[in-house]
Amino acid sequence: MGIYDFTVKNRKGEDVSLENYKGKVLLIVNTATRCGFTPQYDELEALYSKYNKDGFEVLDFPCNQFGNQAPESDEEIHTFCQLNYKVKFDQLAKVEVNGENAIPLFKYLKEQKGFTGFDPKHKLTSILNEMLSKNDPDFAKKPDIKWNFTKFLVDKSGNVVARFEPTTSVEVIEQEIKKLLEK
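Numbering-wise, the numbering used here puts 112 at position 112 of the sequence shown, and it's gapless, one number per residue.
Don't read these hints as lab results, they were simulated from the structure.
Be aware that one or more of the hints could be misleading.
Stated by the list, open to error - Straight-line Cα separation of at most 35 Å, DSBU-like style, residue types lysine-lysine; simulated pairs:
#: 1; residue 1: K22; residue 2: K88
#: 2; residue 1: K12; residue 2: K121
#: 3; residue 1: K53; residue 2: K183
#: 4; residue 1: K178; residue 2: K88
#: 5; residue 1: K86; residue 2: K22
#: 6; residue 1: K179; residue 2: K113
#: 7; residue 1: K134; residue 2: K24
#: 8; residue 1: K156; residue 2: K134
#: 9; residue 1: K179; residue 2: K141
#: 10; residue 1: K9; residue 2: K178
#: 11; residue 1: K183; residue 2: K134
From a predicted model like this one, the values you see are computed outputs, not experimental measurements.
Could you build the full structure based on these sequences and the hints that come with them?
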């Protein structure tokens, strides 16, 4: 099974085959509207605007599993993102990314690229580590998504090549996107 075998729902509840994205570089992100990382929508839109013409797509999956920070409906989330961040990339239906109700796509992504830690230089790393370890002292050993704005980078052939935690700088992500687009 590969990335193109998955079908997801768009924000209107319609099926979307990931085969539609064959031959493109994808950044698949779980997002939230009321999170400290929500301003990353600006960064995602900037990447999309800069590289979409070269075959780059952002797939936005809102998720309410982390601190209930995406409580709105799919349409309300879309409106929020349009008004505040002017996003043009694909916003899909709200999903769960962990647990028994996680959609198959995110189960697959986590199998391909597990958690390798937060950026030690980021100002929120110690807070995230402390908060997560209170709930699960072994959190770092598990592939689960730890927080909103975790990103998976997929190459033009459908291979999951990288996972970026919300603490990863956009510059690091952009360098990896550029490398894949140049191949």
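**Message:** Holds or violated: K12 and K121, Cα atoms, limit 35 Å.
**Reply:** 39 Å, violated
**Prompt:** Can the restraint linking K134 and K24 be considered satisfied, given a maximum Cα separation of 35 Å?
**Reply:** Judged against 35 Å, a Cα distance of about 39 Å means the pair is violated.
**Asked** Hey, K53 versus K183, does the alpha-carbon distance stay inside 35 Å?
**Response** Given pair K53, K183 holds - Cα atoms ~15 Å apart, limit 35 Å.
**Request:** With a cut-off of 35 Å on the C-alpha distance, tell me whether K9 and K178 pass.
**Result:** 28 Å, holds
**Request:** Could you grab the alpha-carbon distance between K178 and K88 and see if it respects the 35 Å cut-off?
**Result:** Judged against 35 Å, a Cα distance of about 20 Å means the pair holds.
**Message:** Need the status of pair K179, K141: alpha-carbon distance at most 35 Å?
**Reply:** Given that 35 Å is the threshold and the Cα spacing comes to 29 Å, the pair holds.
**Request:** Starting from K22, check that the Cα of K88 is at most 35 Å away, please.
**Result:** Cα-Cα ~19 Å, so holds.
**Item:** Pairwise hint evaluation, K113 against K179, where the allowed Cα distance is 35 Å at most
**Value:** 18 Å, holds
**Request:** For the pair supplied as a hint, K183 and K134, confirm whether the alpha-carbon distance does not exceed 35 Å.
**Result:** With Cα atoms ~43 Å apart, K183 and K134 exceed 35 Å; violated.
**Item:** Agreement of K86 and K22 with the hint, judged by alpha carbon distance not exceeding 35 Å
**Value:** 25 Å, holds
**Asked** Does K156 pair with K134 here, judged by a C-alpha cut-off of 35 Å?
**Response** 39 Å, violated
Checked against the numbered hints above, the structure breaks hints 2, 7, 8 and 11 and satisfies the rest.
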